[in-house]
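Protein chains in written order, with the working numbering: chain A, 1 to 288; chain B, 1 to 294; chain C, 1 to 527.
Watch out, some of these pointers could steer you wrong.
[Claimed, not checked] If you want the ones that stay clear, here's a sample from chain C, every Cβ over 12 Å from chain B, calculated:
1. Ser-52
2. Val-150
3. Leu-187
4. Thr-225
5. Lys-266
6. Phe-267
7. Glu-383
8. Glu-415
9. Ala-497
[As the list claims (entries may be wrong)] Below, simulated DSBU-like cross-link-like pairs (lysine-lysine); rule was C-alpha separation at most 30 Å, straight line:
10. B/Lys-224 to C/Lys-69
11. C/Lys-127 to C/Lys-244
12. C/Lys-118 to C/Lys-322
13. C/Lys-402 to C/Lys-370
14. C/Lys-469 to A/Lys-138
15. A/Lys-138 to C/Lys-288
16. C/Lys-275 to A/Lys-138
17. C/Lys-322 to B/Lys-56
18. C/Lys-223 to C/Lys-435
19. C/Lys-493 to A/Lys-138
20. C/Lys-118 to C/Lys-244
Simulated from the structure, these hints should not be mistaken for lab results.
Ideal Cβ placement from N, Cα and C applies to all residues, glycine included.
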Amino acid sequence: MYVLLAPGLLYFIIFKYVPMWGVLLAFKDYQPFLGFFQSEWVGLEHFRVFFTNPEFDMLLVNTLLLSLYNLIFFFPAPILLALLLNEIRIALFKRTIQTLVYVPHFISMVIVASLTYVLLTTENGIVNELIYQQTGEKIDFLTSPDWFRPLIIIQTIWKECGWGTIIFLAALAGVDPEQYEAAIMDGANRWRQTWHITLPSIRSTIIILLILRMGDVLDNGFEQIYLLLNPLNRSVAEVFDTYVYMVGITQGAFSYSTAVGLFKSIVGLILVMGANWLAKRFGQSGLY
Amino acid sequence: MSKKYRTLPGTLFDVSNYLFLSLYGLVAILPFIYIIAGSFASDAELTERAVFLIPKTFTTAAYEYIFSTNIILRSVWVSVYVTVVGTLFNLVFTVTMAYPLARRVLPGRNLILNLVIFSMLFGGGMIPTFLVVRELNLLDSLWALIIPGAISAFNLIIVKNFFQELPPELEEAARIDGCTELGLLWRIVLPLSKPVLATFALFYAVGHWNNFFSALLYINDPEKWPLQVMLRQIVMLSQAAAGDLSSMDPSFVKPPDQSIKMAVIVIGTIPILLVYPFLQKHFAKGVLIGSVKG
Amino acid sequence: MKREKKVKKGLLIASMAFLIAIVLAGCGSKESGENAPASSQQPQSSSSAEQSPLELDIMLPVFNANYPKDGSPVLAELEKQTNTKIHIEWVPNSSYSEKFNITLASNDLPTIMVADPKNASFVNAAKAGAFWEVGPYLKDYKNLSQANPVILSNYAIDGKTYGVYRARALGRNGINYRKDWLENVGLEPPKTIDDFYHMLKAFKENDPDQNGKDDTYGMVLVKWTGGWASGFDVIKLWFGSPNKWGLEDGKLVPEHETEGYLEALKFMRKLYEEKLINQDFAVYDSAKWIDPVVNNQAGVVVDVTDTAGRIEQKIHAALAEKNQANPDKQFVDNMIGVEGEHGLKALPTSGYANVLAIPKSAVKTEEELKRVLAFIDQTNEAEIQTLLYSGIEGVHYTLDDKGFIVPSSDAALIESEVSGLGQMLTYIPETRTLKSQKSQTALSIKTEQLQKEAEQYIVVNPAESLISKVYAQKGAQLDNIINDARINFIVGKSDEAALKAAFELWRKSGGDDYVKEMNELYAAVNN
């Protein structure tokens with residue numbers, strides 16, 4: 001057993017724990033040329049600057065809200081899609097749809113953003129032209145703060161939902177067909193079959209993904225947000241990731257971004273452990 | 001399932017389900033069709049029309065340009081090599097580590113799992129990792145694209161979880177038959193976990209295929225650049241052309257235009273897209289349990 | 001059988017991992033080991049023997065998918081002419097800044113490296129003594145001694161010059177417009193801001209493309225990011241706004257606190273209100289900046305003046321595709337700017353695109369430094385500029401009867417032997433390459449003259465070379481306040497009072513300290 005563990009363990013030590021001294025950069029004013037030892041210790045200075053930033057509250061709220069929306073609207077989407085696909089009997093149709101819906105995962109965010117623009121802009125945007133013909137008005141999808149979060153969620157669902165089903169389909173493949181046959185004998189309809197057989201079989205996968213998802217509650221996917229962010233929706237769109245990037249442009253900011261990263265990691269760790277504890281309390285298997 | 005299963009609400013559900021999924025499939029694929037169409041269109045058409053599914057003037061100029069530099073083909077080979085070898089490596093490392101960790105009784109297990117979870121959230125960052133890779137003399141070697149990412153903590157935990165879900169009776173039965181641990185893994189656990197292995201093979205393979213950043217950092221020799229780096233260079237030429245360089249450096253032969261960007265996406269995406277349908281047969285429901293029992 | 005195989009595989013992996021561990025352990029403490037390879041790797045040819053070729057290790061960004069290898073014909077020719085032995089480390093441009101930082105961190109520096117002198121890592125490394133201060137040496141070289149002092153001071157750090165700049169036209173910014181549209185609406189090229197306004201208005205209202213439809217507007221603006229504000233940065237100067245910092249009674253004043261800046265914003269607001277600029281400019285992608293002009297939707301782009309050439313090219317390509325080719329007609333024209341009460345003003349570029357920096361760890365003695373500088377000086381000779389830029393005559397290009405360059409049509413050859421070498425050219429004091437045949441259109445010739453002429457109208461930022469600590473810490477936040485406020489004002493979502501309130505907020509959020517610090521820095525340099 002331990003022989004089997006050894007290579008993996010070595011890997012984690014060499015490539016994850018040996019470079020781990022990098023987190024100490026958060027407490028230094030790291031300059032690449034000076035190297036780790038020559039760079040000046042600054043203690044908690046970077047954290048002080050980060051937490052006392054007048055925009056900190058806004059950033060925290062925006063980051064958390066976006067994560068919450070993602071959790072509520074995006075997280076269940078692949079599960080639903082997997083269940084719907086699971087109900088399909090024609091194998092060819094099922095495979096075709098599976099393949100089609102996973103294609104968007106491979107389309108880069110830049111392309112997604114430019115398609116979003118083409119569809120939604122007020123200057124001859126396809127969707128806005130339709131709306132204009134119907135109502136005589138146009139909607140500021142791209143600059144209105146009200147639309148920012150819905151747009152992010154829609155983009156995410158479109159891009160990642162099909163990809164997200166793969167892991168659930170793998171879990172569903174393990175379900176014993178005899179269970180369904182037995183259920184049909186008992187006169188269970190499809191809804192009951194789904195509820196009593198299908199869902200329980202992927203429950204532990206759902207829970208574990210949910211727990212792991214907690215780890216990056218403070219990460220919102222930099223590129224997607226950056227591409228949709230503009231001065232008119234900044235009040236809701238600016239999150240930690242985009243802010244740190246902006247700060248990085250004006251100052252080399254190795255240490256600063258490491259400090260912010262450390263903060264995010266600590267919050268993530270607490271949430272992962274908390275969620276795991278909760279799962280255990282409710283009798284689920286959790287991470288261990 | 002069997003015929004007697006049909007009911008009216010069931011049929012209604014089926015019809016709307018098929019309709020919904022067809023529509024969803026269409027929405028998912030249309031943008032990609034636009035990209036393919038765009039890769040065969042002229043630059044002038046792409047400037048003029050916002051979106052279209054069939055180009056007015058059909059041209060393969062973009063592809064001709066990309067393949068005019070023969071180095072593209074070599075980079076495809078590099079990418080395939082890294083993807084195949086890297087994925088095998090990932091699977092072996094991940095499975096051999098996940099399997100013992102799936103044993104709840106293994107002493108030290110929780111400590112190791114904690115280490116893994118911790119490393120998933122905390123990392124040293126770009127420069128410290130680079131220094132490790134350099135000290136191991138992996139720079140400019142394709143192994144630099146494989147070994148530093150040998151295990152994803154995220155995938156490891158999920159694979160471990162799947163292993164944990166397997167019915168314990170099977171293992172007990174096998175043990176009574178005199179299987180060793182490795183025999184158990186090879187003969188019982190892995191065949192039972194085919195869908196899981198297929199899934200993570202796909203996850204890892206896609207990761208390798210799309211990874212350009214490690215190559216940018218660790219590989220200086222252009223002979224060893226994977227396809228994604230090469231394609232990014234081609235796309236970048238067009239960005240540079242719009243900016244400062246074109247006016248100063250006319251040795252730019254021909255700044256690629258919009259259609260080349262799109263062709264680049266097509267070339268970079270199609271090969272990896274084809275992996276999934278190929279793996280799909282491993283997802284067929286019930287195949288596994290049946291095969292084990294039979 | 002099967003099991004045995006598996007065991008073997010397991011052992012193989014285990015032993016490999018073990019090997020890795022040994023290799024790592026053998027390296028000892030990483031940080032302290034870093035210096036060793038760096039110092040031993042550069043066996044500099046003894047600099048006393050002037051005849052032996054100078055070994056150069058040059059780190060350059062590469063934009064192509066292929067590039068000239070060491071010892072390829074053009075490089076070999078360069079080595080021969082300059083008595084050097086050159087190794088080039090090509091770094092894909094998209095990862096250049098990461099690679100730059102890593103190179104600094106690993107302490108394994110080349111002899112010459114392209115560096116962004118405003119990059120914080122570079123600034124700090126230079127302050128810590130990583131690079132040679134070349135300022136005092138430049139006067140000893142034939143070409144480098146003619147370097148432009150304005151540009152030199154633009155990237156100086158605490159008054160010291162680290163690295164030789166790669167020159168770019170200072171007067172690149174101006175107005176590009178559809179010449180045919182202007183003729184169609186019966187106007188003369190604008191001279192004043194009023195004329196400019198009337199041109200935009202006519203482009204919207206008088207059917208400049210003569211298709212009978214109301215489907216055009218005046219000027220294209222693109223997304224403003226960070227401190228950059230597309231055409232506005234040029235337009236504000238027409239109204240007398242300074243370029244980032246103004247001088248009032250010898251004191252630095254931030255631009256947004258000047259009258260001209262406010263006037264310019266009001267002008268923009270008017271343009272937006274009358275729909276003379278694209279209503280979605282706040283989200284409009286800069287990669288598509290010229291598309292509306294090519295597509296007969298808009299008529300003006302305020303940007304670098306060489307844009308005119310690119311628009312012209314695209315219009316001809318589009319017409320050719322529709323079988324309406326009209327190669328002799330000129331559709332686009334450009335100009336430096338229009339005059340307000342303050343005369344003609346032009347926005348300068350920084351005048352350089354990165355510098356060639358010389359690390360002290362690779363070039364150890366002053367003597368070696370002098371040889372490296374002599375090499376850079378020599379690359380500014382006309383023949384060498386042409387060599388690195390266009391390759392070798394007869395191989396990579398031919399000359400037409402007027403002596404203009406006609407490049408080889410073999411793209412692969414040029415990519416693998418020439419492209420990218422131009423990255424090491426500094427063009428000091430000027431571009432001396434043989435001109436290419438393609439650059440001989442009326443528009444290209446005019447653009448070149450225009451950019452020269454614009455140099456006399458540029459508005460210099462008096463604080464360009466000052467490096468502020470407050471800004472390093474709060475710059476992003478401060479820039480956001482201004483950026484958000486001005487866009488909201490232009491699109492009519494806020495009024496003048498709100499704008500002023502935002503400027504006040506800027507002061508309170510650190511702007512006060514910033515202005516104070518900048519004035520202290522300014523006073524220190526100018527006394």
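Status of C/Thr-225, Cβ more than 12 Å from any chain B Cβ: Nearest chain B Cβ is 14 Å from C/Thr-225, so the label holds.
Assertion that C/Lys-266 lies farther than 12 Å from chain B (Cβ): Correct as stated: the minimum Cβ-Cβ distance to chain B is 31 Å, above 12 Å.
Separation of C/Ala-497 from chain B, once the least beta-carbon distance is taken, above 12 Å: Answer for C/Ala-497: holds, closest chain B Cβ roughly 39 Å.
Minimum Cβ-Cβ distance from C/Ser-52 to chain B exceeds 12 Å: C/Ser-52 is indeed farther than 12 Å from all Cβ atoms of chain B, at 27 Å.
Proposed proximity, A/Lys-138 with C/Lys-493 (alpha carbon, max 30 Å): holds (16 Å)
30 Å Cα cutoff - pair A/Lys-138, C/Lys-288: holds (22 Å)
30 Å limit on alpha-carbon distance, applied to hinted pair C/Lys-402 and C/Lys-370: violated (39 Å)
No chain B beta carbon within 12 Å of C/Glu-383's: C/Glu-383 clear of chain B: closest Cβ-Cβ about 16 Å, beyond 12 Å.
Exclusion check [C/Phe-267 not at the chain B interface, CB over 12 Å]: holds (27 Å)
No chain B beta carbon within 12 Å of C/Glu-415's: The assertion about C/Glu-415 is violated, with a minimum of 6 Å to chain B.
Pairwise hint evaluation, C/Lys-322 against C/Lys-118, where the allowed Cα distance is 30 Å at most: violated (46 Å)
Given pair status - C/Lys-244, C/Lys-127, alpha carbons within 30 Å: holds (25 Å)
Checked against the numbered hints listed earlier, the structure breaks hints 8, 12, 13, 14 and 18; every other hint is satisfied.
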